[in-house]
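K.L.:
If you want the building blocks of each chain, they are given just below.
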Amino acid sequence: MLLARSRGSGSPAPGGEPPSRSPSGTGKGRPVHRGPWWRTRPAQGIGYAAPTGVFVVVFFVVPLVLVGRISLSDWPLLAGNRGLNAPDNFTEAAGDDLLWPAVRFTLTYTALVTVLLLGLALLLALLVQETRPGTGLFRTVFFLPSALGLASASLLFLGMYSPNVGPISPLLERLGLVDGPVSFLGTPTAALWSTVALIVWKYAGFYMLILLVGLQRIPQDVYEAARMDGAGRWQTFRSITLPLLRPSLALTLLLSVTGSLLAFDQFFILTKGGPDNSTMTVVSLIYREAFQRLDLGAAAALSVVVLAVLLILNVAQFRGLRGTDT
Amino acid sequence: MNTTDVRRRRRHRVLAAAVGLLTVTTALAACGSGGSGSTEDKGGVMGPDDGATLTMWTRAATQQQSQALVGAYNKSHQNKVKLTVIPTDDYQAKVGAAAGSKSLPDILASDVVFVPNYTASGLYADITDRIDALPYGKDLAPAHMAAGTLDGRKYTVPHTIDSSVLFYNKTLYKKAGLDPEKPPTTLKEWDEQARAVDKLGGDVNGTFFGGNCGGCGVFTWWPSIWAAGEEVMNEDGTAATLDSPVAKEVYATYRGWAEDGITAPGAAEETGATWTGLFPKGTIGVMPMPSTTLGLMPGDLDFGVAAIPGPDGGQSTFVGGDSLGISATSKKAGQAWNFLAWSLGDEAQVEVLAAHKDIVARTDLAENKYAKADPRQVMINTLVAKGTTPFAEKFGQTFNDPNGPWLALMRDAVFGDPSKVDADNKAITESLKD
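Note that the protein sequences, when read in sequence, are chains A and B.
So that you can map any letter, position 87 of the first sequence is 86 in numbering that gives the first Met the number 0, and since no number is skipped, the others follow by simple counting.
So that you can map any letter, position 27 of the second sequence is 26 in numbering that gives the first Met the number 0, and since no number is skipped, the others follow by simple counting.
Just so you know, the hints here were simulated from the structure itself, not pulled from any lab data.
Cβ atoms here follow ideal geometry from the backbone N, Cα and C, with glycine treated the same way.
A portion of the hints provided could be inaccurate.
[Stated by the list, open to error] Just the calculated beta-carbon pair ranges, DEER-fashion:
| no. | chain 1 | residue 1 | chain 2 | residue 2 | range |
| --- | --- | --- | --- | --- | --- |
| 1 | A | L106 | B | E188 | 33 to 39 Å |
| 2 | B | S418 | A | V60 | 50 to 56 Å |
| 3 | A | T188 | B | L295 | 53 to 59 Å |
| 4 | B | G260 | A | T188 | 18 to 24 Å |
| 5 | B | G50 | A | G44 | 25 to 31 Å |
| 6 | B | D202 | A | T107 | 35 to 41 Å |
| 7 | B | E188 | A | T188 | 36 to 42 Å |
| 8 | B | T52 | A | G79 | 25 to 31 Å |
| 9 | B | A238 | A | D95 | 40 to 46 Å |
| 10 | A | V57 | B | D373 | 53 to 59 Å |
| 11 | B | G50 | A | A85 | 46 to 52 Å |
| 12 | B | L295 | A | L174 | 34 to 40 Å |
| 13 | B | G312 | A | G67 | 35 to 41 Å |
[Claimed, not checked] Here are some, though not all, of the chain A residues that point toward chain B, as calculated from beta-carbon distances under 7 Å:
| no. | residue |
| --- | --- |
| 14 | D73 |
| 15 | L77 |
| 16 | A78 |
| 17 | R138 |
| 18 | M159 |
| 19 | G185 |
| 20 | P187 |
| 21 | K271 |
| 22 | G272 |
| 23 | G273 |
| 24 | P274 |
| 25 | Q291 |
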């Protein structure tokens, strides 16, 4: 009550209006009337935050605790909990033959996608930065793939990559670029690059939009000053655009790295981790433990490890982001 | 009387009415539906048909047959079955998740090879007595019944039977100078005929197979091993023998097709999503496929079917398809049984399944009027008796998992280093014992 009074009390609202007669007494600068505890500002604050709080607890905290609990148990998906077995799930996961290749592949994929995606997105953003006739059309076209669901896009590419029914292979043959049907998903290298191509196509427009907003936040005066000082295009880009775009670049970096480390849908549809387990990601491994081997304990253990790694990575990235967002 | 008293009285009256209504409703509900035990008596051997709505899941691979049966049942019964078709690749995951959260449908179809795992995990209700009481209980497809039996108790019945057979294109055979009435009787002949058709060139290819699809491999490669009298596993499904000389001979033939370009492009990366889509286009000479695709072929395609042969002869087939059971958590077991029992009856088996060129689930109906009209169907029905349904509790994680040990063996044997087959076979055994 004291806190409420001290925060709530004050002068009448601007314009010399009389004190509010509203029972809530929450109006800015309006006096708070004495009343029951649920009418105090802290209580009302808690009331407003409660729905979100409940949402967070039910959908984030409870599942997290559950995953932690399951990761310490022998928990077959079909037959239910068979009791604690810690730390077996973690040690067995570490001994899985597929784990380290999956980790290596996920990191390679993340590096490739992030570099290519950010590079292309920046290029597209610079291309459509200034408003000229037709810019709106290009912005829409570049952004359009982002409006498609990832599963739908993956299925679309699965069809297009098919040497039997897809149009790409016959087109390349007709153009004389290849001798026979192209196996886009048949070799480990081809499968990796084909998936990277899908992801870059799908998300470049989305990241372009983020960077475009960042570009448009840069004041024009700075560019004009640089031009008057005789700076060339490359010098302006390097010394003005890039440094001032760092917050947006950091955000896209964070999104791309996190998204790529959690890659699943595209590989599940395009390659199923193949050929020869060469495109197995860490999340695919978790899926396999849970739904092919029906071992929720092992899947939860892997999830906990991935969560810890992502947490550390995201904290580091957020620090970098905060440091540059000035 | 003041206003507060009036409000209080009104509140009491409303509360009393609500309690009364609840009591009456509960009593009525108890009389009307009850447990599975009470309703069973009403429906007799067939179970009650009292207008209940039942939920059922099936996988996309056999949805045509499930939809036809459910459609016919819903038209002629008060009970209504609401069918949900789930993509074949996601079926295990979906069933696992639903079982974990106790939200399985009333009726659960399953690829017959997963049934031992599901019964061992307690997903299905025990229906031994119901099956035994059926007049045609003893005539149900034995391979499917064996898969659904655990410790002498029966949990599932056959739903759709899908066996693997060779499809060959008679038009392409004629063009290649082959006799369209003489399909291969040995793996060697199959090899020769595929190569002869492949020589036609253009878009035409000798054969095709799902080279990145474990399920396709067990379904179409294993019959060639069984046809030679060999086994792929021990009886209880805990040790693999997929490194036998016969098995290696089969792999070598497929390897030759891959190396010499006898297969259509894409065999190495075919995950099973589109492997049956090529033959209907009329550009493949001879390839093994599910018998359920017989009724789906284009009308203008001149084709024949034959048994899958072994290296030097013999015939076999993988007796696959779906089994049907009542989930252990179903509250409408009696009504669910009504659908199961009807689906195995003469009308459903002959007028719904056989009429659409599908295999019947009862041995006593193998020579039905529709089957007799199409020699291809008679051949398939007869072949089922020679086929096998493999049994292993860990079948899914070993043979169907795209990252499992069987697919590694398949790919090493055909596209990679065949000397790894022995080691791969050991990995399969480890997975089966896991």
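K.L.:
Which numbered hints are broken by the structure, listed smallest first?
P.N.:
Violated hints: 1, 3, 5, 9, 13, 14, 17, 18, 20; rest satisfied.
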